[in-house]
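Enquirer: As a plain string of letters, each chain reads:
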Amino acid sequence: MPEAPSHPTGGTAARQRWMAVLARAGAARLTALLAHAPALPACTVLRGPESGLVMLRGRAGGGGAPFNLGEMSVTRCTVRNADGMVGHAYVQGRDTAQARLAAELDAALQDPARHDALHAAVIARLAAEQQAACDAAAAKAAATRVQFFTMATMRTS
Amino acid sequence: MAYVAVKGGERAIDNAHAWLAEERRGDPSVPEVCVAQIGAQLGRAVDRVMAEGSLYDPELAAVAVKQSQGDLIEAAFLLRAYRTTLPRFGYSTPLDTAAMRVRRRVSAVYKDLPGGQVLGPTYDYTHRLLDFALAADGTPPPPAPRAEAEAATMPRVSDILRGEDLIEGDGPRETDREPTDLTREPLGFPASRDARLQALARGDEGFLLAMGYSTQRGWGGSHPFVGEVRLGEVAVEIVPPELGFAIDIGDVTLTECQMINQFKGSKTKPPQFTRGYGLVFGHAERKAMGMALVDRAMRHDEFGEEATAPAQNVEFILYHSDNIEGTGFVEHLKLPHYVDFQSELETIRRMRREAEVALHE
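Residue numbers (the working numbering), protein chains in the order written: chain U, 1 to 157; chain G, 1001 to 1361.
Bound conformation, chain G alone (with noise of 0.2 Å):
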């Protein structure tokens, strides 16, 4: 593709940009919102920017709100564009879920699981009526009532229903390979299902919702329950070299979500629930079950289904699920394209002038 460089533009650029700072602070006789204020008080767009801009970092996520103005895909731009300036320091060893300190796990399966049905901090149940006490000056709330804990861990469904061989496991839990790392490697196709989590994990929560629901609407259906959605914090461990042991270096809050979807057999394994994973940065759990819908959806060459449905389309999904490739591709097309669309005038004037002499002969 031609672009041309334009000269001339600078000190419009430069004014526009002044008013868009104007803009973003608004009328100053209006107290400045504080990053603070963002991190504490608009916590779901925090999370949001971090799973898409795939950093977790909540105080730069916070930051990229404001600096946004509340625009949640340039936010998560600016962090991606931020990661790049930072060296990698390794891997973590894979975050044990099932050790999470729980505050909300519910399961649309069974009722009386252990540890139980905990609701946790939710919009679920709530009427969706807009509280007009939230637009006057609110006094704090009460503090949320409290109760004995019981010190169990949660075991996830999964593991629970796999004592009776009802439901696939998780399969191995090493490979003889390192896992596709999409920051560091193209997109390859067929793509292993680790590259497939890794871009489902950082893909646009609206199209992750969007592509899941069109598979409950029968566009590559799987007969879909809520196995669990469960939120909370995981300690994350690393290994550094010059240690030579692991040592935790903090939580990161995470949804995640096991989808249970009905049965596949075969000639050698009686038939058992299939399932479809979803993990995400923050309190995500639309995104992490949009992200389990699509996951079990992409499967189907596991299962022997035959691919017919968008969500089921690995290219598909995998090429336009990154919001920030998206926003770039599209975007990109209010850039001068005078010398493009110049050639292309040219061309259909000599079209229709061909035309018409056509017609006339």
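The following block holds chain U by itself, in its conformation from the complex (with noise of 0.2 Å):
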């Protein structure tokens, strides 16, 4: 989608599309399109990577008061590259390498340096990737709408 932000990595809200992007691609897909990207610079890592857990909350009826549904197994992970800049990373699940690669990129993404080719070569092929599994969904749900029609009666005059 693109877009003209004014910040050059396109702030806060850009910062949040490609932390989802990460956070649903797995270590491996990460490394192998890593592998056709610019390298990365060496990091420091501050934090992690950490496996816990995130309690999930729900609403009563849907849309009333909070309550606690269960929980959901998270990794964090927290880096600082050789620019200065610090990542963080929250991915679901217990797969420390791909929080590990995601922070790597939260952090070198936000340098304006750097952001354009590594977007271009990770978060738009994985958003793409992303967005084609939803939309097959999609269309295999919408295949199953019913699609009700009314029987006319006989009726001759």
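Hints are computed from structural coordinates only; laboratory data are not their basis.
Warning: the hint list may mix true and false statements.
[To be verified] Straight-line distance between alpha carbons at most 20 Å, and here's what the computed DMTMM-like set of lysine to aspartate or glutamate pairs gives: (1) 1007/G with 1340/G; (2) 140/U with 1148/G; (3) 140/U with 1071/G; (4) 140/U with 1124/G; (5) 1269/G with 1301/G; (6) 1267/G with 1165/G; (7) 140/U with 1340/G; (8) 140/U with 1150/G.
With the hints as a guide, dock the two chains, each given alone in a separate frame, to form the complex.
Expert: Right, here's the structure in full:
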């Protein structure tokens, strides 16, 4: 989706989007895409990667007061790269390699000098793959949508 | 309760567990089932283990199913035990089921509702005839048909009915306290609705099914209709303090049930439909519906209903809905109670002696 952000890397909204995309990409896929992307700068790990739990909340009736539904496994990681950028990752599941790569990418993507090439090589491609998977599910669901028709009563005058 | 330290069973226990491992693997000439196969092909078992284990992690749940040889309560127990080894990072923002990427959504009350009736991957309308083709090495099924999807989101049926004020609302979105967290604090009574919903969401499917069923058969009946059952994926959002803004960290599959029940009114309020709510990890319609029926039954005090049936008894339901606690207490009876039983033996011998003496007097 082309946009013209005033911020060189798109600001918080853009960062939220790439973090969402990275949260849904396994380490194997990230590694494969990074092989054809500009090299990431060296990183120091500030925290993790470590797995833990997030308690998911629902709302009574769907839109009422919050309640605790159950926990989900989450892995997080924080890095600082050689450019001094700090990257964070919180990803569903227990894939520590994914969290580490996602944090490194989050750091590098905040750097205007690196953003565009990495975004094109990794984020845009992952986003397209994820969108295609969502579209496929939506298309299968649409095919199961009931088309009601009314039986015309046969009356001869 | 007294337990006795018993020594001497170590070798027997080790050998029993070695045999268990052999049994679990089964006939070595048959290929071993892998965790990915369980995740992909026994998805409803994995979903049930996640829901009752109260931990959303399909891969771990699949491992648990394999480890427990398909004993799903044992598998849920394994997940509950595992979760205690992990730190808690925080709470999500409440999941927005109205924004669900819906794969299935049916309503029994409105034929022509916005978004339509979407059957999704369902067992409904199948003939329940065993498919012997599955017993043979099957060829993969043809890909599911596709059709052009409408971009519109699907409003919840409860929100559609709200338009005419015919149905009670969801209640306030915010409360002045944090919701009860049963993983952190013990169950207390009277139990708030949030505590009840958490307990039901991780409750045993069979128990909730039976209790929900009992309300339909007149034990605390409330004339239910399925306003809506929806299944699909919902994004999970958290606000990490180090970032200060919300981030989307992945999707969970959820089943939500909006049960619509018969009316209640008061001197100040005209009659409205009342509601019960079910929300469960994974594809779990039976459980979501049971949860919604029981949730509504337990709300009797809000509507001034007389509580006479088991499903309306909040303490009874909440104390017995958790199959991990249930299995722990029931199955502990298998453990040595030698000393307890010895004292019982002495008691009954004494009683019998006394009874015999009394008989001859």
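Enquirer: If a hint holds in the structure, say so; if it doesn't, say that too.
Expert: Here is how each hint holds up against the structure:
{"no.": "1", "hint": "1007/G with 1340/G", "result": "holds (17 Å)"}
{"no.": "2", "hint": "140/U with 1148/G", "result": "holds (9 Å)"}
{"no.": "3", "hint": "140/U with 1071/G", "result": "violated (32 Å)"}
{"no.": "4", "hint": "140/U with 1124/G", "result": "holds (17 Å)"}
{"no.": "5", "hint": "1269/G with 1301/G", "result": "holds (16 Å)"}
{"no.": "6", "hint": "1267/G with 1165/G", "result": "holds (16 Å)"}
{"no.": "7", "hint": "140/U with 1340/G", "result": "violated (61 Å)"}
{"no.": "8", "hint": "140/U with 1150/G", "result": "holds (12 Å)"}
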